[in-house]
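K.L.:
Here's the letter readout for the chains.
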Amino acid sequence: MKRKINIALKCIFFTITVAALLLASTVALRRKDSIYKYADFFEVAKKDQVDVLFLGSSHVINAVNPTVLYNKYGYTSYNMGGHGSLLQATYWELMEALQYTTPEWVVVDAYMLEKDYRYLDDRDANPDESEVNTSIEQLHLNMDVWPLNKLKVEAMNDLVQDKDLKREFLFDFIVYHNRWEYITEDDFKSIVGSESRNELFGAEMRYDVETAPVVYPRPEEGEIFADETVGMTYLTKIIEECQDREIGVLVTFDPFNPEPKDVIAANTAGAICSAYDVPYLNMLDADVIDIYSDLNDRGHLNVTGATKVTNIIGQWLKDNAGLEDHRGDAKYAYWEKLSNKYYEDLREKILSEDNLFTKLRALSLGEYGFVLYCNSGSQVFTDYPMKHLIKEISDTNVIMDTKTGPYIMIYDPGFNKVYEASGDSGLENVETAMGYMYYQPVEQNFRLLYEEDDEDTNYLYDESHVSEDIQLLIYDKNTGEVIDKEYYTSKGGNYGK
Amino acid sequence: MSFISFAFMVFLPVAVLINFIVPRKYRYIWLLIVSLAFYATAGIAATVILVVSMASIYAAGLLLDKYKNKAKQIFIACLIFNLGILFVFKYLNFFMRILGLVSFGAIGDIRFNLVLVLGLSFYILKAVGYLFDVYRGDIEAERDPAMLALFISFFPQILAGPIERAGNLLPQFREPKTVDFDRFRDGLLQILWGYFLKLVVADRLAIFVNAVFDTEAQLDIKGATALVAIIFYTFEIYTDFAGYSHISIGVARILGIDVMKNFDTPYLAMSIAEFWRRWHISLSSWLRDYLYIPLGGNRKGTLRKYLNILIVFAVSGLWHGANFTFVVWGLLHGLYQVIGKAITPARDKIIELFNIGRYSFSHKVVKTAVTFFLVSYAWVFFRADSIAGAIRVIRSSFYFTPWKFVDSSLYGFGLSRGNFLLGAAGIVLVIIVDLFNSRGVVIRENILKQGLWLRWIIMIAGILITVICGIWGPGYNVADFIYKQF
Numbered sequence: 001m002k003r004k005i006n007i008a009l010k011c012i013f014f015t016i017t018v019a020a021l022l023l024a025s026t027v028a029l030r031r032k033d034s035i036y037k038y039a040d041f042f043e044v045a046k047k048d049q050v051d052v053l054f055l056g057s058s059h060v061i062n063a064v065n066p067t068v069l070y071n072k073y074g075y076t077s078y079n080m081g082g083h084g085s086l087l088q089a090t091y092w093e094l095m096e097a098l099q100y101t102t103p104e105w106v107v108v109d110a111y112m113l114e115k116d117y118r119y120l121d122d123r124d125a126n127p128d129e130s131e132v133n134t135s136i137e138q139l140h141l142n143m144d145v146w147p148l149n150k151l152k153v154e155a156m157n158d159l160v161q162d163k164d165l166k167r168e169f170l171f172d173f174i175v176y177h178n179r180w181e182y183i184t185e186d187d188f189k190s191i192v193g194s195e196s197r198n199e200l201f202g203a204e205m206r207y208d209v210e211t212a213p214v215v216y217p218r219p220e221e222g223e224i225f226a227d228e229t230v231g232m233t234y235l236t237k238i239i240e241e242c243q244d245r246e247i248g249v250l251v252t253f254d255p256f257n258p259e260p261k262d263v264i265a266a267n268t269a270g271a272i273c274s275a276y277d278v279p280y281l282n283m284l285d286a287d288v289i290d291i292y293s294d295l296n297d298r299g300h301l302n303v304t305g306a307t308k309v310t311n312i313i314g315q316w317l318k319d320n321a322g323l324e325d326h327r328g329d330a331k332y333a334y335w336e337k338l339s340n341k342y343y344e345d346l347r348e349k350i351l352s353e354d355n356l357f358t359k360l361r362a363l364s365l366g367e368y369g370f371v372l373y374c375n376s377g378s379q380v381f382t383d384y385p386m387k388h389l390i391k392e393i394s395d396t397n398v399i400m401d402t403k404t405g406p407y408i409m410i411y412d413p414g415f416n417k418v419y420e421a422s423g424d425s426g427l428e429n430v431e432t433a434m435g436y437m438y439y440q441p442v443e444q445n446f447r448l449l450y451e452e453d454d455e456d457t458n459y460l461y462d463e464s465h466v467s468e469d470i471q472l473l474i475y476d477k478n479t480g481e482v483i484d485k486e487y488y489t490s491k492g493g494n495y496g497k
Numbered sequence: 001m002s003f004i005s006f007a008f009m010v011f012l013p014v015a016v017l018i019n020f021i022v023p024r025k026y027r028y029i030w031l032l033i034v035s036l037a038f039y040a041t042a043g044i045a046a047t048v049i050l051v052v053s054m055a056s057i058y059a060a061g062l063l064l065d066k067y068k069n070k071a072k073q074i075f076i077a078c079l080i081f082n083l084g085i086l087f088v089f090k091y092l093n094f095f096m097r098i099l100g101l102v103s104f105g106a107i108g109d110i111r112f113n114l115v116l117v118l119g120l121s122f123y124i125l126k127a128v129g130y131l132f133d134v135y136r137g138d139i140e141a142e143r144d145p146a147m148l149a150l151f152i153s154f155f156p157q158i159l160a161g162p163i164e165r166a167g168n169l170l171p172q173f174r175e176p177k178t179v180d181f182d183r184f185r186d187g188l189l190q191i192l193w194g195y196f197l198k199l200v201v202a203d204r205l206a207i208f209v210n211a212v213f214d215t216e217a218q219l220d221i222k223g224a225t226a227l228v229a230i231i232f233y234t235f236e237i238y239t240d241f242a243g244y245s246h247i248s249i250g251v252a253r254i255l256g257i258d259v260m261k262n263f264d265t266p267y268l269a270m271s272i273a274e275f276w277r278r279w280h281i282s283l284s285s286w287l288r289d290y291l292y293i294p295l296g297g298n299r300k301g302t303l304r305k306y307l308n309i310l311i312v313f314a315v316s317g318l319w320h321g322a323n324f325t326f327v328v329w330g331l332l333h334g335l336y337q338v339i340g341k342a343i344t345p346a347r348d349k350i351i352e353l354f355n356i357g358r359y360s361f362s363h364k365v366v367k368t369a370v371t372f373f374l375v376s377y378a379w380v381f382f383r384a385d386s387i388a389g390a391i392r393v394i395r396s397s398f399y400f401t402p403w404k405f406v407d408s409s410l411y412g413f414g415l416s417r418g419n420f421l422l423g424a425a426g427i428v429l430v431i432i433v434d435l436f437n438s439r440g441v442v443i444r445e446n447i448l449k450q451g452l453w454l455r456w457i458i459m460i461a462g463i464l465i466t467v468i469c470g471i472w473g474p475g476y477n478v479a480d481f482i483y484k485q486f
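If you read the protein sequences in the order shown, they are chains W and V.
Just so you know, the working numbering puts 235 at position 235 of the first sequence, and the rest follows in order with no gaps.
Just so you know, the working numbering puts 152 at position 152 of the second sequence, and the rest follows in order with no gaps.
Rather than coming from a laboratory, the hints here were simulated on the basis of the structure.
Among the hints, a few may not be true.
[As the list claims (entries may be wrong)] List of simulated lysine to any residue pairs, SDA-like, C-alpha gap at most 25 Å:
(1) Lys2/W - Arg185/V
(2) Lys10/W - Ile468/V
(3) Lys2/W - Ala59/V
(4) Lys404/V - Ala369/V
(5) Lys10/W - Arg455/V
(6) Lys10/W - Lys449/V
(7) Lys163/W - Val467/V
(8) Lys166/W - Leu151/W
(9) Lys387/W - Gly299/W
(10) Lys337/W - Lys10/W
(11) Lys166/W - Trp472/V
(12) Lys2/W - Pro23/V
(13) Lys163/W - Ala37/V
(14) Lys2/W - Asp186/V
(15) Lys10/W - Ile460/V
(16) Lys4/W - Asp186/V
(17) Lys72/V - Ala59/V
(18) Lys485/W - Val466/W
[What the hints assert, rightly or not] Here are the computed distance ranges between Cβ atoms for each label pair:
(19) Ile457/V - Leu170/W: 26 to 36 Å
(20) Ile183/W - Lys449/V: 31 to 41 Å
(21) Val428/V - Asp345/W: 41 to 51 Å
(22) Asp290/W - Thr401/V: 54 to 64 Å
(23) Ile183/W - Ile457/V: 19 to 29 Å
Even for Gly, the Cβ is constructed at its ideal location relative to N, Cα and C.
Bound conformation, chain W alone (with noise of 0.2 Å):
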């Protein structure tokens, strides 16, 4: 009987050890992407730190900045885009956050109503492979950190048709165990709970420019979809759940550079919205963002575009959603941090940036004073998306008007001020954070920029770099303190440092 129990013992430790060790590696092995993207929602949802939910795909992922939000209207906020998320995963992923938080306010985005397929893996629904296969890989982002439960089962059987695939999101080991040859410290230090985590409290930045988007024509005024998609019947059902939880729901359709489909949708979500008698912001026709200088590609906004919708919506709450305004409140240091973090994360992108369109676009957010001179038979003279750029910048036409130049713009948000001078023409006594400057071309390889206290000081001439022709000076813009200054040249508009 003894050697019964002990054998009896041994086999129920052997088994909790197994058990113990593979849950341990399940950890390990999962791809990191969805708790570095929610890792921050658990710990601010168990605090009842979240006023607004963000809800969508990856334009909102890339367009809604919480910690901007935060800095600039003192709202707690959290991040819930998914990439590629169609809004019956919206709606789950909502579904799966409520069990954690009540927020006061979910601003849903409706971006791909139109699309009509039930189940993301149903091939002949959707013939778009890619779309399919980007649908269901990337749906892992949005579900893999949610526990298995009733609720994630309920969404994977709403969600996916195929049994195998079900599976895998319920049981994602069986897609992770193989990740064995790539696993980093991060994915040791999950097993403790301290992996790095997303730092915009789920919001992705990006910087690019996109220059040159296709810009297609417009539907007829006010075009609707004349029958219900799947798209449609979700974004009711978010609606109606959230009138049923009392949660106040905003709708909102991101900006971007929108095909006939998107603009169609947008005004279908308004028809929706006005059933429902929910607040909508159509941000594709409201004039928020430049297409030419506000997108980092043709769907997502680069963080100029994100930081002017983030503002857009923090200004709409701020007016009609009665949230308390959290800056100061001890309580909420940690949103203090992570939100002066990100302004520090800005300055440091926008100083080891190399292209000069990034740089250009990252210096408009007024992070730092900057001076952008360019020599007279300099490219950009001839470059219109260079032009289109300084002049989204300036908010003049003075560089538009310039032919050959050369061309000086001091920007200085310091003071809130922007000079420009070019061709012969120069600037006297410009107040800056640098002091009061005076700016004169002289000829082609000379001209002068100084402080009125300091003539010696010629801050637009350097001998070794006569040869480039565009000079950016960066400079502190509270205490004038220079920074930065780097010399690029426009041959071939490639703009080479």
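Go by the hints and put chain V onto chain W.
P.N.:
The following block gives chain V in isolation, referenced to the frame of chain W:
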């Protein structure tokens, strides 16, 4: 149901647990139920064919006992009936293809859409073996239909053997061994080793092998890549089939049944004849007992012996698959043996002339290497889709491209560096284990003799490595056992 399926992971514990509870006297009934349930997952049609074969063998056994004066007719009729089943469901399309070829197209390429009968080649040989044994009076006919049905359909063996003998299994079904903790642990360890061989080694090597064999013509693969593919396939087929056999034997063991060994360090054999005494032992011994010896074996002169060898190996090749490549593979092994025996006097002369020590280590190494080389290159015919393809791969492997071993070009065939090296490490481990086995050291038994902590570390590491590094799940076209298709 495959051994490498989630369904089997649920099925096995249930089968084992209830087998443990059922009184020993009735266990064979439970084992028959689970065996039929296991096989029924292959489809109703396949199950009906199995039952028909079982019924014919059972009836023939009883008739052989009852009508001894008509034994030959009964034996031949039942033999033809069962071989007929095998012919129709496995070889009919191949036969029609041959007809088409020999009639120079007069008979078109007629193809029948026949049901796939899993394990057919294995259980027919098992059943026919029983028929032979009863006919020859080696055993008595089994009176209990359930017992005989279990012998033929015993689920750990039905899909890919080992091809057991009735004389060994039937007494065990009547009185199964007690499954104590030691037997259970031993069986589990053997199952684990089987899964490791299959999932970590065989299926990993298969990725490389498939990539090379499937693209060699288009990509004009030459040199080291082809050579590595040949070596990998040599170990793939070994670890695949030995892996299956270990699982099968281990499962039978935890059900209280001891099943014959199927492999005995085959790649350490020093001759082709020895290789066949160590490779797929249950089949080679079956062919010896029920084909080679009835044909006259070596009792009817040298030429007849050579002819018998060639016949046996041609049949062995054909048994493996209905394709000319398998026949060539079988005949090659037959030829190896015939040539080996024919030149034995010349070899002896050389050994004498150069004063080579027959039992020296170096001589043994050379003989093992030559045997390995011959076996490996014969496997190419086994793996290739056509004889021309096999010849291309063999020819390609002789191109001199040693730099490919170091310039990372071997990592471009489905296996990343890590996976390639893990596959190679698996081969090294298999060789080490076989070297121990060849010296009579059974690693499994040695592990079980160790203290608890070391035993546990080894077993847990084995489980984790198999589960984590095993080739399964999406992204991999998880292959079933190679021998299951035969």
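K.L.:
Given the hinted pair Lys485/W and Val466/W, is their alpha-carbon gap at most 25 Å?
P.N.:
It holds: about 14 Å lies between the C-alpha atoms, which stays within 25 Å.
K.L.:
Does the structure keep Lys166/W and Leu151/W at a Cα separation of 25 Å or less?
P.N.:
Holds. Lys166/W to Leu151/W sits at ~13 Å (cutoff 25 Å).
K.L.:
Could you see if the CB distance from Ile457/V to Leu170/W stays within 26 to 36 Å?
P.N.:
For Leu170/W against Ile457/V, whose Cβ atoms are near 31 Å apart, the range 26 to 36 Å holds.
K.L.:
Assess, step by step, whether the Cα of Lys10/W is no farther than 25 Å from the Cα of Lys449/V, and give holds or violated.
P.N.:
OK: Lys10/W and Lys449/V at ~16 Å, within 25 Å.
K.L.:
Are Lys387/W and Gly299/W close enough, with their CA atoms no more than 25 Å apart?
P.N.:
Within the cut-off at roughly 23 Å; holds.
K.L.:
Are Lys2/W and Ala59/V close enough, with their CA atoms no more than 25 Å apart?
P.N.:
Violated, at roughly 50 Å.
K.L.:
Next pair to validate is Lys4/W with Asp186/V; report whether the Cα-Cα distance is within 25 Å.
P.N.:
17 Å, holds
K.L.:
Lys163/W and Val467/V: Cα distance at most 25 Å?
P.N.:
Answer holds: Lys163/W to Val467/V is near 21 Å, not above 25 Å.
K.L.:
Does Ala37/V sit within 25 Å of Lys163/W, going by the straight-line distance between their CA atoms?
P.N.:
22 Å, holds
K.L.:
Does 54 to 64 Å hold as the CB distance between Asp290/W and Thr401/V, or does it fail?
P.N.:
57 Å, holds
K.L.:
Does Ile468/V sit within 25 Å of Lys10/W, going by the straight-line distance between their CA atoms?
P.N.:
24 Å, holds
K.L.:
Are the Cα positions of Lys166/W and Trp472/V separated by 25 Å at most?
P.N.:
Holds: Lys166/W and Trp472/V sit about 16 Å apart, inside 25 Å.
The structure fails hints 3 and 10 (numbered hints given earlier, in ascending order).
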